[in-house]
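Residue numbers (our numbering), protein chains in the order written: chain A, 1 to 414; chain B, 1001 to 1414.
Just so you know, these hints were derived from the structure itself, not from any lab.
Every residue, glycine too, gets a C-beta built ideally from N, C-alpha and C.
Be careful, since some hints might not be right.
Stated by the list, open to error - Computed, partial: chain A to chain B, Cβ under 8 Å: (1) T47; (2) I51; (3) A54; (4) G56; (5) L69; (6) I78; (7) A79; (8) I86; (9) S87; (10) L91.
The residues making up each chain are set out below.
There are 2 protein chains.
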Amino acid sequence: MGLWVQKYGGTSVGSLERIHEVVERIIRAKRQGNDVVVVVSAMAGETNRLIEMAHGLSFDPDPREMDVLLSTGEQSTIALICILLISKGFLSRSYTGAQVHIRTDSAHGKARILEIDEKKIRADLDEGRIVVVAGFQGSDSEGNITTLGRGGSDTTAVALAAALKADRCQIYTDVDGVYTTDPRIEPAARRLARITFEEMLEMASLGAKVLQLRSVEFAGKYNVPLQVLSSFEDGPGTLITYEEKEMEQPVVSGIAFNKNEAKLTITGVPDEPGAAYRILQPISDANIDVDVIVQNTVRDSSTDLSFTVQREDYEHALQLLEPLIESLPAKAVTGDNKIAKISIVGVGMRSHPGIASKMFSVLAKEGINIQLVTTSEIKTSVVIDEKYLELGVRALHAAFDLEKAPTEEVDLTK
Amino acid sequence: MGLWVQKYGGTSVGSLERIHEVVERIIRAKRQGNDVVVVVSAMAGETNRLIEMAHGLSFDPDPREMDVLLSTGEQSTIALICILLISKGFLSRSYTGAQVHIRTDSAHGKARILEIDEKKIRADLDEGRIVVVAGFQGSDSEGNITTLGRGGSDTTAVALAAALKADRCQIYTDVDGVYTTDPRIEPAARRLARITFEEMLEMASLGAKVLQLRSVEFAGKYNVPLQVLSSFEDGPGTLITYEEKEMEQPVVSGIAFNKNEAKLTITGVPDEPGAAYRILQPISDANIDVDVIVQNTVRDSSTDLSFTVQREDYEHALQLLEPLIESLPAKAVTGDNKIAKISIVGVGMRSHPGIASKMFSVLAKEGINIQLVTTSEIKTSVVIDEKYLELGVRALHAAFDLEKAPTEEVDLTK
Chain A
1 MGLWVQKYGG
11 TSVGSLERIH
21 EVVERIIRAK
31 RQGNDVVVVV
41 SAMAGETNRL
51 IEMAHGLSFD
61 PDPREMDVLL
71 STGEQSTIAL
81 ICILLISKGF
91 LSRSYTGAQV
101 HIRTDSAHGK
111 ARILEIDEKK
121 IRADLDEGRI
131 VVVAGFQGSD
141 SEGNITTLGR
151 GGSDTTAVAL
161 AAALKADRCQ
171 IYTDVDGVYT
181 TDPRIEPAAR
191 RLARITFEEM
201 LEMASLGAKV
211 LQLRSVEFAG
221 KYNVPLQVLS
231 SFEDGPGTLI
241 TYEEKEMEQP
251 VVSGIAFNKN
261 EAKLTITGVP
271 DEPGAAYRIL
281 QPISDANIDV
291 DVIVQNTVRD
301 SSTDLSFTVQ
311 REDYEHALQL
321 LEPLIESLPA
331 KAVTGDNKIA
341 KISIVGVGMR
351 SHPGIASKMF
361 SVLAKEGINI
371 QLVTTSEIKT
381 SVVIDEKYLE
391 LGVRALHAAF
401 DLEKAPTEEV
411 DLTK
Chain B
1001 MGLWVQKYGG
1011 TSVGSLERIH
1021 EVVERIIRAK
1031 RQGNDVVVVV
1041 SAMAGETNRL
1051 IEMAHGLSFD
1061 PDPREMDVLL
1071 STGEQSTIAL
1081 ICILLISKGF
1091 LSRSYTGAQV
1101 HIRTDSAHGK
1111 ARILEIDEKK
1121 IRADLDEGRI
1131 VVVAGFQGSD
1141 SEGNITTLGR
1151 GGSDTTAVAL
1161 AAALKADRCQ
1171 IYTDVDGVYT
1181 TDPRIEPAAR
1191 RLARITFEEM
1201 LEMASLGAKV
1211 LQLRSVEFAG
1221 KYNVPLQVLS
1231 SFEDGPGTLI
1241 TYEEKEMEQP
1251 VVSGIAFNKN
1261 EAKLTITGVP
1271 DEPGAAYRIL
1281 QPISDANIDV
1291 DVIVQNTVRD
1301 SSTDLSFTVQ
1311 REDYEHALQL
1321 LEPLIESLPA
1331 KAVTGDNKIA
1341 KISIVGVGMR
1351 SHPGIASKMF
1361 SVLAKEGINI
1371 QLVTTSEIKT
1381 SVVIDEKYLE
1391 LGVRALHAAF
1401 DLEKAPTEEV
1411 DLTK
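Could you put the whole structure together from the sequences, leaning on the hints where they help?
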């Protein structure tokens, strides 16, 4: 019993049949004695339909007007959910983002939530209503409709849960939880019963696209207990929380990977202040995101700097680096767009030294050469030849015993 | 030059191609030096699509939630219009009903506009923007989304024109004006260059479904010059204004008709106070609309009372009257659901006596028997056997010279 925020994504509400199933889940939570706030996305396909119409009129549709257009998607869903809830005898009320004062900045298409006035929702809950809020949208201080960008419904749910001090925030999606790695690559991959916010952030940013990154940050910041659950089948899902002291932490919680990067290296860079800046500035000016950056020790008063970019930016980044050979000067620019990045993630790494070297030995045993290494407190990433990706992921999954559940399962849907 | 409000209905914006044409019209008005406010409906078919979805979930969808759902239709259109205007280099901004404070009562699905705050629109016009407003919708004092009911976009346009003191309110639709009668029945029917608000009200309520009745009332009340124009072809349309003293008025402006009624008669009703009330009260209690009511003079201290109802209510109304034979008492209840009503409408009738008798003689010459007659200041209606409807309309159209234009044409689109 408590206050639950439930979020249902586009595939979960993708048809009238699916809406029936979602409404059954909402009613179950309500019947268990909870106050329920529901956040929904547009029906699967609807956002694309609207985008296509806009692109049928303009190559570069005005961002303010795109938000007016796209926000109709969730608005339809909230109404349909409430129509069914009410016809089944449950008091409920729908709200657009603007109606419950989800105040954002004015960055159309990628707005950030600034504040939420939860009074209206609280009043409805006190009167026994189920409240259904349109995800992904809000309005700025001028009353213009804004959207948070794709996946923003997760953020809406977490922000509402934080504002309402909800007991849990359940993200219903088309997968039944967060996995130790992608089951398409390692069939022995196992759903995690728990994962920490920090680990989830590392997993999400590395390609395990279950939750929108910003929503995980938000949940961590406001300590909102987050659950990832399947709307297609019952199951305990994955709970994302802060690390609990008494919990036995696994050393490695999961293995993330990314095949969509390319590596660039500039060799013979002068060992002087500002060199790295002069290399990365033109890249950043061209709006190219840089992921891993590695600089090695100085040898013969010069050094080598490597970094990775999205694979689609590879050619452009190469062109931007070429002039540096003369201007820096540097020795050469090389690159490789057939790489992959594998990361092992786990808060247990903090207290277990030697995890990185175990990772390297596992890869070496499979004959996989490591091109770059970076580490953070709870993650070690390596860049390797992309053809070894699957082999590497499977070897690491086995070596760190990820197919075995480290903690007993707790059914958090009850 | 001035401030023009243009309203485009669902068929006028029914496809991306049609939106292109509408935007060309808007730009033409703007280029002529006018401030332009545009009101649009949902794309043709969209409202029905949404209604079908709702009915897929509930036989009796909640009215508040239906309004949340249906209002997305116009919201999509305003965004698409603005996307195209902006991509063609015209400053423009879209607003939902709630955003420009189209304040209504809370009668979901048939709300009435209470007030409009035109400041936001005025500020945009002052900055050179074309303002595009969603028709058919508003919000109540609690911020709930409301809709005005089908055809409500006409009312939005007229209400905005009144609030902004617009120089004209142009209603673009799929017909090129108001006709002397239905051209499908009388091919010689002629588009009227002008018609008065009062005549238009009589024409509209009698079945000439060009404009929503409420919008004409509204335009008359606030003296908003209303133009009905085709969005499919250029043309002068029909101007709806107050009667101008210096204008030569035609005696009869148009012929309206209705085939969807049925007649009921109760004979031998006692000539005593309250008899008519006791007959019509059960009808009204059953939510059956009564149109024409005719009571004739007393004969042998009893009278006969006839009235018409929508044809679908005929059987029900008959049942409700049966018990009155005993309780009133009355002599008999009879009825006929194969009738039609024909009305001649014209402000000139005020100053031309004998129009009604001319109507009767025209019908008599064709052998058409008149069952009921009612008259108002600017209208005479007769109920006849429905099989004579077309014959009667054509005979009257010819007799009152309606195929000839009484006033010279003025091109009001310039």
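Please write out, lowest number first, the hints stated earlier that are contradicted by the structure.
-> 1, 2, 10
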